[in-house]
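Student: Start from chain A and add chains B and C according to the hints.
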Amino acid sequence: MESDSTLSVRSICKKYGGVVALSDVSFELQRAAITAIIGANGAGKTTLFDVITGFTKPDSGHVFVRHADATGASPECIARLGVRRTFQGVRLARRLSVLDNILLAAGGTSINRFERCGLKTPNCAVRRASEILAIVGLRIALDEVAGKLSFGEQKLLSLALCELGEPTTLLLDEPFAGVDAAVVSAICVLLRRWTELGKSILVIEHNIGAVVSISDRVIVLERGRILKNVKPADVGKDDQILRGFLRG
Amino acid sequence: MLLWQLSVNGLLAASVYALVAVGFGLIYRTTRFFNFAHGAVFTLGAYLAHLLYRVAGLPVGLSITASIVGCALLGVLMEVGVYRPLRRAKASELALLLASVGMFTVFQNVISAVFGDSTMALRVVAFTGVVELLGARVTVLQLITALVAFILCLIVTIVLWRTRIGNAVLAVGADPYLAECCGIDSNAVTLQVFFFGSALAAIAGILVAIDTDITPLMGYAAMLNAVVAVIIGGTRNPLGWLIGAIILGVAQHVGVWKVGSHWQDTIAFSLLLIFMLVRPNGIMASPEMRE
Amino acid sequence: MSYAFHVVNLVGIYAILALSLNIVSGFAGLLSLSQAAFYGIGAYSVALATLHAGLPVSLAILAAMLATAAVAALVGAASTRFRRDYFVIATFAFQVLTFSLFNNLVAITGGPNGISGIVQPRILGHTLTSSRAFSGPILALAFSTFLVSTWIENSQFGRILRAVREDEPFARSLGISVSLFKVSAFAISGALAALAGGLYATYITYIDPTSFTFAESLSVLTMVIVGGLGNSCGAVIGALLFTLAPELLRAIGIAGGTAANIRQVVFGMCLVVVVFLRPAGLFREKLARRKVQSNGI
Numbered sequence: 011m012e013s014d015s016t017l018s019v020r021s022i023c024k025k026y027g028g029v030v031a032l033s034d035v036s037f038e039l040q041r042a043a044i045t046a047i048i049g050a051n052g053a054g055k056t057t058l059f060d061v062i063t064g065f066t067k068p069d070s071g072h073v074f075v076r077h078a079d080a081t082g083a084s085p086e087c088i089a090r091l092g093v094r095r096t097f098q099g100v101r102l103a104r105r106l107s108v109l110d111n112i113l114l115a116a117g118g119t120s121i122n123r124f125e126r127c128g129l130k131t132p133n134c135a136v137r138r139a140s141e142i143l144a145i146v147g148l149r150i151a152l153d154e155v156a157g158k159l160s161f162g163e164q165k166l167l168s169l170a171l172c173e174l175g176e177p178t179t180l181l182l183d184e185p186f187a188g189v190d191a192a193v194v195s196a197i198c199v200l201l202r203r204w205t206e207l208g209k210s211i212l213v214i215e216h217n218i219g220a221v222v223s224i225s226d227r228v229i230v231l232e233r234g235r236i237l238k239n240v241k242p243a244d245v246g247k248d249d250q251i252l253r254g255f256l257r258g
Numbered sequence: 022m023l024l025w026q027l028s029v030n031g032l033l034a035a036s037v038y039a040l041v042a043v044g045f046g047l048i049y050r051t052t053r054f055f056n057f058a059h060g061a062v063f064t065l066g067a068y069l070a071h072l073l074y075r076v077a078g079l080p081v082g083l084s085i086t087a088s089i090v091g092c093a094l095l096g097v098l099m100e101v102g103v104y105r106p107l108r109r110a111k112a113s114e115l116a117l118l119l120a121s122v123g124m125f126t127v128f129q130n131v132i133s134a135v136f137g138d139s140t141m142a143l144r145v146v147a148f149t150g151v152v153e154l155l156g157a158r159v160t161v162l163q164l165i166t167a168l169v170a171f172i173l174c175l176i177v178t179i180v181l182w183r184t185r186i187g188n189a190v191l192a193v194g195a196d197p198y199l200a201e202c203c204g205i206d207s208n209a210v211t212l213q214v215f216f217f218g219s220a221l222a223a224i225a226g227i228l229v230a231i232d233t234d235i236t237p238l239m240g241y242a243a244m245l246n247a248v249v250a251v252i253i254g255g256t257r258n259p260l261g262w263l264i265g266a267i268i269l270g271v272a273q274h275v276g277v278w279k280v281g282s283h284w285q286d287t288i289a290f291s292l293l294l295i296f297m298l299v300r301p302n303g304i305m306a307s308p309e310m311r312e
Numbered sequence: 337m338s339y340a341f342h343v344v345n346l347v348g349i350y351a352i353l354a355l356s357l358n359i360v361s362g363f364a365g366l367l368s369l370s371q372a373a374f375y376g377i378g379a380y381s382v383a384l385a386t387l388h389a390g391l392p393v394s395l396a397i398l399a400a401m402l403a404t405a406a407v408a409a410l411v412g413a414a415s416t417r418f419r420r421d422y423f424v425i426a427t428f429a430f431q432v433l434t435f436s437l438f439n440n441l442v443a444i445t446g447g448p449n450g451i452s453g454i455v456q457p458r459i460l461g462h463t464l465t466s467s468r469a470f471s472g473p474i475l476a477l478a479f480s481t482f483l484v485s486t487w488i489e490n491s492q493f494g495r496i497l498r499a500v501r502e503d504e505p506f507a508r509s510l511g512i513s514v515s516l517f518k519v520s521a522f523a524i525s526g527a528l529a530a531l532a533g534g535l536y537a538t539y540i541t542y543i544d545p546t547s548f549t550f551a552e553s554l555s556v557l558t559m560v561i562v563g564g565l566g567n568s569c570g571a572v573i574g575a576l577l578f579t580l581a582p583e584l585l586r587a588i589g590i591a592g593g594t595a596a597n598i599r600q601v602v603f604g605m606c607l608v609v610v611v612f613l614r615p616a617g618l619f620r621e622k623l624a625r626r627k628v629q630s631n632g633i
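Protein chains in written order, with the working numbering: chain A, 11 to 258; chain B, 22 to 312; chain C, 337 to 633.
Every clue listed holds true.
16 Å max Cα-Cα, derived EDC-like pairs, lysine to aspartate or glutamate: (1) C:Lys622 to A:Asp153; (2) A:Lys238 to A:Asp249; (3) A:Lys241 to A:Asp226; (4) A:Lys25 to A:Asp69; (5) A:Lys238 to A:Asp34; (6) C:Lys622 to A:Glu154.
By construction, these hints were calculated from the structure, which means they are not laboratory data.
Keep in mind it's a predicted model, so treat the numbers as computed, not measured.
Next comes chain A alone, as it looks inside the complex (with noise of 0.2 Å):
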């Protein structure tokens, strides 16, 4: 099972001024498993994945990318060790288009490497860019200007651009937050596509319906520590994170 893990944090700890953020987490992830993080406000849910993408330097602790300590690493090292993230809200690149944002995220790897020369993109990079867009169900046009877009048709945009790099891990922020049901499924069948070639996916999530029917494992944390590690049927059945929701 060692050599599943993906990603492994170990005991990280993190504090702001005097305000404690993360206190001696550690979990890890396995491939082709979707495990999903969830907690109230303030519970250190973004913190963590600041730490583990390298935004932010953990006080103590370790973060393992595929075995190899990440801790500290900026967060383009992390990236490019296959590592992918999304931000609360949405992150893009919003005054520029679409097809740009697709040929950003894609760097030097899927797309032809002639397009970084060219004055005008070849089209195999733009016949990827509307595949990727295909795969995700968005039907919208490549010029588009990102900013431009629905909120969850950007939603969908930022997930596509992280399929883009081939990351072996994705970090995701809240991915339902603030979409409507079609879309809600549109990201559960990519979460699925992604399992199953192997990915290990980490979720934040306050949709708790969407975190039970998803994932293979959930992580609950609260004030900065993690409260309990348990399989999604559990969730519905402990009284310590029922009682931590409506708290929170």
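Tutor: The following block gives chains B and C in isolation, referenced to the frame of chain A:
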């Protein structure tokens, strides 16, 4: 003893920097952008006083007061005419900075075109006279300048933290929309800050005019020094700006003794770069500097 | 007639300058007040390389471009760690510092007296001396710079610069090394500014610190902002407008010193007006392409 004299000279120069820095820093604290046009107000203070006293022949006190009020109103005009509309149009701080740089250039060159580039003087008889300060020679005027600067810095610090209007200024500086929600009229507060800050700049300009000479480029030098003082001192605390001004003034005067007076600007900016790289939070820590 | 060529040459040189600033301030979104410093470093480098090291002009310009690129890279690396408005101050500080060095390092730069008698270029055995002779090379180089700028604008490099400008955390999450690209933008910008400086030096044959002041940095910035940040054509148009305007003033006979003041007043007002009315400048940046041919799906 020479070192002491130089240090004292540095302290006295620092008092002028501090006056400009306090006005500049207050505006920065409240509006979150670097108002380059502050330098123009400084210059105008000197030229206006000169115009009224020398050319129009008005009595000294009246000239100075009218100049201060005039410049304060100019500051208000800039806020109402340029900055507030830009903020209402959701312009970024950089846009405001650019607009202020543009205005600085305009005012500076209008003054240059109208008054000519030659240096002028605003000699006022009442302020001549030299005293001895623990072995260093200072003029009465320089002493008055230093006292005025120090007292004003102290007053500003006390007002900011102890009075309601001061707290309102701090609130607007932290988050203008939140301040509005608390019932503070952000626009009115900003207006007052511009009035007071510009008045300070004018006072500094007039004091410099009486002490040394008036040139169209004086605002430029004043701005450089104010920016350096504010950044060295940290952007939060007026006392920090005073300390920043002192560090700058002393470093310049002592340094100039070693390397020559034309290196003044170099010393100022080397200090600035050093502080920005090594201790970006300034002397009095401010958490906003790094990204 | 030679006056017309002179104006053309100035436009060419400023076009290169404006295009160079556009890379850093337009594409990368880093508002820099230090372009005149790099311009000056290029000019002085060429002056010294031709006069003291005896290098032919073209080699001198090349060397100057490399040296200035290195300096610019250092400045970029140091300043880009700051937040936006402090970054501007850092570039401002560098500009003033450099000017001060030009003015005070008399042994190297000649101080306020500058350097005169700069060597002029030899092409195919002929030394270029007249304005007319310079026009060809200057325009050719200006056009090449325009091509470079357009290439950047449409390439992945330009795309990345824009992404870094638009949303830095997003760019980093894609594996883009933000600092590297910012520094690269600075280096290229510095090299091109040095090209303009070298051309200026060898054309006018006399340089002094007053050509490389903060006011000059501001002029170039105004050209780029009015022309349109992020648009290569805009930068060239901006350079054209702001180089022709003072010449026009001179033509209607406004006296020397005041003309300089009026030029600055106009620049300042334009800056304010543009910020107010049309922050994107005269020519908008081409962000989303028209009509991507998506056949073959």
